[in-house]
Structure formats: C-alpha cells, structure tokens
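Asker: Let's have the full structure, built from the sequences with the hints guiding it.
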Amino acid sequence: MLAKRTPALIFVCAVTLSYYGLIRWKHKYDRPWAYAADHAAPLLVGKWQGRFNDPDGVSKQMDLEITEPEVDDDILNQSKSRGRRGNRSLNFTGSAVITSSLGTEKNRLEGKLGNSDGHEITRINFIPVNEKKQIRESFNVADTEPGGLWQGDSIQLKLVFNYITKTGSAFWSSGDARFTKHTPVTLYRKNP
133 MLAKRTPALI
143 FVCAVTLSYY
153 GLIRWKHKYD
163 RPWAYAADHA
173 APLLVGKWQG
183 RFNDPDGVSK
193 QMDLEITEPE
203 VDDDILNQSK
213 SRGRRGNRSL
223 NFTGSAVITS
233 SLGTEKNRLE
243 GKLGNSDGHE
253 ITRINFIPVN
263 EKKQIRESFN
273 VADTEPGGLW
283 QGDSIQLKLV
293 FNYITKTGSA
303 FWSSGDARFT
313 KHTPVTLYRK
323 NP
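Sequential numbering of the sequence shown, starting at 133, is according to our numbering.
Hint data in this document are derived by calculation from the structure and do not stem from the laboratory.
Treat each hint with caution, since some may be false.
Said to hold, decoys possible - For lysine-lysine, the following BS3-like pairs were computed, each having C-alpha atoms within a straight-line distance of at most 25 Å:
1) K264 to K238
2) K244 to K179
3) K290 to K244
To be verified - Simulated DEER-style distance windows between Cβ atoms:
4) E200 to P316: 24 to 32 Å
5) Q283 to K158: 24 to 32 Å
6) N219 to R268: 53 to 61 Å
7) E277 to N323: 27 to 35 Å
8) T148 to E202: 16 to 24 Å
9) I155 to R321: 24 to 32 Å
10) N323 to N185: 22 to 30 Å
11) N219 to W304: 31 to 39 Å
12) R240 to R321: 26 to 34 Å
13) E202 to G235: 26 to 34 Å
All values derive from a computational prediction rather than experimental measurement.
In this text, a Cβ means the ideal position worked out from N, Cα and C, and glycines have one as well.
Answerer: Here it is, written out as structure tokens:
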C-alpha cells in the first residue's frame, strides 16, 4: 500500500519545495536594496549613524539599523489575502536609538521606498518602543518627509518632529516656527 503512494508523496513534496524555493527566490529578486549577487555592492540593509539638531537646537546622535526583510511574513501575508494591496517589496523595518544630553529615544522603524532599487525613500516612521519612557518637554523624531535619498554609504533625510509635553502628549503650535521646522540629516554607514 505504501509503495503505491510513494510516487505521489514524492511528487507533492517536490512541488511544495519548488513553491517555497520560488517564493524565496522572488523575495530576494524583488529586493535588490536588501540582497545583492555582488558581495561588494552596498545595501540599504545595515547600520547607519549621523548627527542633527532638533528644533530647539539640541544636538542629537542617531544610530539607525535597517533589518533584512523576512520571507516568512510575505508567505503568510500572501496566503491570508486575495488581491494586491501595494508592493510589500518596497517596505522595510528596523530600529533607531537617538541620544542627546536629554536622554535616549528608542524607536521601531517602518519605512517605504519609492522604487525597487531602493534609492528613493518615501518615508520612515519612528514609533517609540515604550511611549511611557519618551523624553518629555522635547522635540522627538516622528517621521521623515518624502524625498529621502540613499546613495551607497550615505542616506539623506529630512526629519519631522513631535513635541512631547510634560504629561507625554504630543503638542503643536502654528504660532511657533519650531513646530514646522524639518531638519536635514545625513546618515553614514557604520563599519562593522
């Protein structure tokens, strides 16, 4: 009985392995910014750092890490939904630690690229890891303006800020120019 089913089981296993192999290949093919056949080619994935001043003039150091995308998330997302809801191959995630004399901001990153080569960064959202531990009475990084640019070993962004009050609420005032100030920052690749 088992001998009759063996060819069918082998066929099913081969088809399943081929499917997942194709998914992994497509995942890497769609993300040249994260994977490269040429090991010398620069990737967006990695660790970056740079300095900037917030709207109050406080000097801050940003250490940012863009992580390698996970294949498993794409497979799960494709099997849960029908149709297309945007190009997931343009999304990236990571983390950022921003330090200054005021303290340390720890954030998760969610970003989107403008095209598959990854050189145009549409946006990066900075999401506090723990909102209760945000620096108070300070301008904290919230996101970036569209039009960020990645070129080899540097990333150019314009940072957008939220002012966090003593109680932890975000505050904005149209009468104060600090609240509309967007600060440029250039991040450089950190050597491992």
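Asker: When the structure is checked against the list of hints, which entries are broken? Sort them ascending.
Answerer: Failing hints, ascending: 6 and 12.
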